[in-house]
Amino acid sequence: MCWVPSRNGRLGSRCAPEVAERPEPFGAGAYVAVFVGYVALGLAFKSVFLNWVVGPLFMAGVLVGLPALWRAVRQRS
Amino acid sequence: MSWAAHEFENYFIQRHVGLKASFLGIVVGTFAPDLFTKSLVYASDDPAQFHRGWPGVGFTHSLMFGVVFATVVLALTRSRPWAVGILIGQWAHVLTDVADSAGVMVFFPFSTEPVTISMWQHAAAEGRYGDAAAYYSSLGGVWDLFWLVVMLVFARSALSRTYWRATIVPADPGVWAWLNRRLRIPEAGLLLLYRGLLFYGLGRMVAWFLYARFEVRTPFQPFWGGPDYVDGNDLSDAGAWEVIWRTALGGVLFTLFLVLCWGLFGRRLWNRGADPPMVRRGSGLRSVFGEERDLEPGQGSA
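Here the protein sequences line up with chains A and B, keeping their order.
The opening residue of the first sequence carries number 1 in the working numbering; numbering runs sequentially from there.
The opening residue of the second sequence carries number 1001 in the working numbering; numbering runs sequentially from there.
No wet-lab data here; the hints were simulated from the structure.
Any given hint could be a false lead.
Stated by the list, open to error - The calculated lysine to aspartate or glutamate pairs, modelled on DMTMM-like cross-linking and capped at a C-alpha distance of 20 Å, are:
(1) K46/A x E1242/B
(2) K46/A x D1034/B
(3) K1038/B x D1234/B
As the structure is a prediction and not an experimental result, all values here were calculated from the model.
Make the full structure from the sequences, and use the hints.
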């Protein structure tokens, strides 16, 4: 994780340069796709998705949680 | 009540407090007034009175509630960023909810007079789905859009990964580190959690707007005091000057009470509190607002 304090007094990334320069993990297309999916699921299942718990967690759950779960299942099998 | 505006304003607030408040604290503070009461509101016989009045749970929408909540958190955790975040977030929620017809008792318990500008009707009596449809058929939906634009114009830099690493994490390193180590959430996931509130606000705004337009087809009435198909629910029959006088008196008493509490125990609690190493606080408003320069390790504020 990148919270090692910087040692040069400048405001900026706390990471080693090679970490700091990594591109964004997800492109705009991923965000748009997840957003459209969330709106669609929200309209279909309002009480399940349009709430304070599922809503804020949905994007991380889909883009990070589900792939991690898939990898874990594949490793076991 | 405001809906997605409460999500968008968190990033605007964060952009202006920088390292001095925990973003998670701001979120908790913003959610606090409705967190334990919203579901009860829809089940109540008089939702507006129960939600914003006294007797009822209207005290959750007062500035005093934020002060008490933040003070308890400061006393228990000694975390200044969390206390500041909770206070600012809760106060932002209270001031935003002045816009609906039920209003808020801003200076409870020194004044139980609801303060409102009645921009849109408080529609909890319509049930949760009806409330959403009414909100996004009125100036409430426009209010959400306004805060989205404000956030994008003045605070979109707060969404960047660089900002998250340089400001969000150093302001609250313990919680983010715990999420990373104990729950094994990678940095990409933590960044998505940070941005998730914006995602949720935007998603619910679009979803409920589409619901109102195409599923229940409520009339779109974005004018002051609308929608007119919702019955009025003004909690007070006092005239404008009476509201102003009572509220002003309540404000004076509230301020004096805060000064008294600060002298008796507040300053001691604040001085006993601690900041993360990267935080430097000034005095007065600079102790809460304003970006700060980076510091060398060990250069924290007292």
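Looking back at the numbered hints, which does the structure fail to meet, lowest number first? 1
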